[in-house]
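As you go down the protein sequences, you meet chains A and B in turn. So for the first sequence, my numbering puts the first residue at 1; every next one is plus one. So for the second sequence, my numbering puts the first residue at 1; every next one is plus one.
Please note that the accuracy of each hint is not assured.
[Claimed, not checked] The list that follows gives simulated cross-link-like pairs (lysine-lysine, DSS-like), each with its CA atoms no further than 25 Å apart: (1) B:K63 / B:K155; (2) B:K63 / B:K22; (3) B:K22 / B:K155; (4) B:K135 / A:K65; (5) A:K65 / B:K72; (6) B:K63 / A:K65; (7) B:K155 / B:K72.
[Unchecked claim] To give an idea of the interface, some chain A residues facing chain B are shown, with a C-beta separation under 10 Å as derived from the structure: (8) E13; (9) A28; (10) R29; (11) A34; (12) E35; (13) L38; (14) S42; (15) P46; (16) V51; (17) A52; (18) R54; (19) Q56; (20) E60; (21) I64.
Calculated directly from the structure, the hints in this document are not laboratory data. Because the structure is a prediction, the values reported are computed rather than measured. For glycine and all other residues, C-beta sits at the position ideal for the given N, C-alpha and C.
Now for the letters of each chain:
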Amino acid sequence: MNGKTKLTQQQQEQAETLQQQTAEQTTAREFGTAEEMLRFDSSQNPVPGQVAERLQQSVEREQIKPPQSWWKKLLGR
Amino acid sequence: MSAPAAEQLVEPPPATTPSAPKLDDPQLAAIYEEHSQPVYYVALRLLGDPTQAEDATHDVFLKAFRHLAQFKGQSSLRTWLYRITVNHCQNLLQSWHRRHMFSNADDALWETAAGPADSPLRVLEVKELGQRIQKTLDALPEEYRLLLLLVADEKLSYEEVGHLTNQTADAVRGKLHRARKAFAALFNQSA
Chain A
1 MNGKTKLTQQ QQEQAETLQQ QTAEQTTARE FGTAEEMLRF DSSQNPVPGQ VAERLQQSVE
61 REQIKPPQSW WKKLLGR
Chain B
1 MSAPAAEQLV EPPPATTPSA PKLDDPQLAA IYEEHSQPVY YVALRLLGDP TQAEDATHDV
61 FLKAFRHLAQ FKGQSSLRTW LYRITVNHCQ NLLQSWHRRH MFSNADDALW ETAAGPADSP
121 LRVLEVKELG QRIQKTLDAL PEEYRLLLLL VADEKLSYEE VGHLTNQTAD AVRGKLHRAR
181 KAFAALFNQS A
């Protein structure tokens, strides 16, 4: 019984996801300015996760540490 | 009967990177977390290629992290990172001999372009939006393209945009009007 309920719930979630995806593809949008459109476009293009991974590897390889005084300087601004 | 598609303004959820990895150093991680999205987006639209934008974002932050001690705090960190990003992308574009692909259209062309600068930009397919934006930006004069991308960042003031593009805030305001008009005309043509 529980398994059946779970399955139904999953099916419902999948249907909702599909519906949302379809809506995304067909929904019209209107933007007042170019900048507004670019901000929306930016929100649709997140930084891929592998950039942080590669950066972490590079930082480790080069043993980069932020200078101690630097953080205080930034916070003091 | 359903409403016309152009009047539906349902906000699609922003695309997200699930469980994005973080940098180990908390200070570097904080910088990356706050500024990586605008840096990546500007690189993406300046270079027009997601893979190259990824490489550029990595290189920009690595360069910035190496030289953090040189950041004097005379400008905001965001402005400093943008300067590195823009220089980096321009160097890449130059080395790829892609400058000849930029439009050399005269400003007068945009002045006479059909449609007011503040006319709404309508798009029916969100899916195709990125491609149309890229096509439009690529067709714009380089100065307008950069101006629009920087002004789109609400954390930058006109003074800071002017600082980054070597002009006064008043010049930024003046050119922005023409840039918007050019963008709208080209975008509407790209439908």
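Taking the hints in turn, this is what the structure says about them:
| no. | hint | in the structure |
| --- | --- | --- |
| 1 | B:K63 / B:K155 | holds, 22 Å |
| 2 | B:K63 / B:K22 | holds, 18 Å |
| 3 | B:K22 / B:K155 | holds, 23 Å |
| 4 | B:K135 / A:K65 | violated, 40 Å |
| 5 | A:K65 / B:K72 | holds, 17 Å |
| 6 | B:K63 / A:K65 | holds, 13 Å |
| 7 | B:K155 / B:K72 | holds, 19 Å |
| 8 | E13 | violated, 15 Å |
| 9 | A28 | holds, 4 Å |
| 10 | R29 | holds, 6 Å |
| 11 | A34 | holds, 4 Å |
| 12 | E35 | holds, 4 Å |
| 13 | L38 | holds, 4 Å |
| 14 | S42 | holds, 4 Å |
| 15 | P46 | holds, 5 Å |
| 16 | V51 | holds, 5 Å |
| 17 | A52 | holds, 5 Å |
| 18 | R54 | holds, 5 Å |
| 19 | Q56 | holds, 5 Å |
| 20 | E60 | holds, 8 Å |
| 21 | I64 | holds, 5 Å |
Checked against the numbered hints given earlier, this structure breaks hints 4 and 8; the rest are met.
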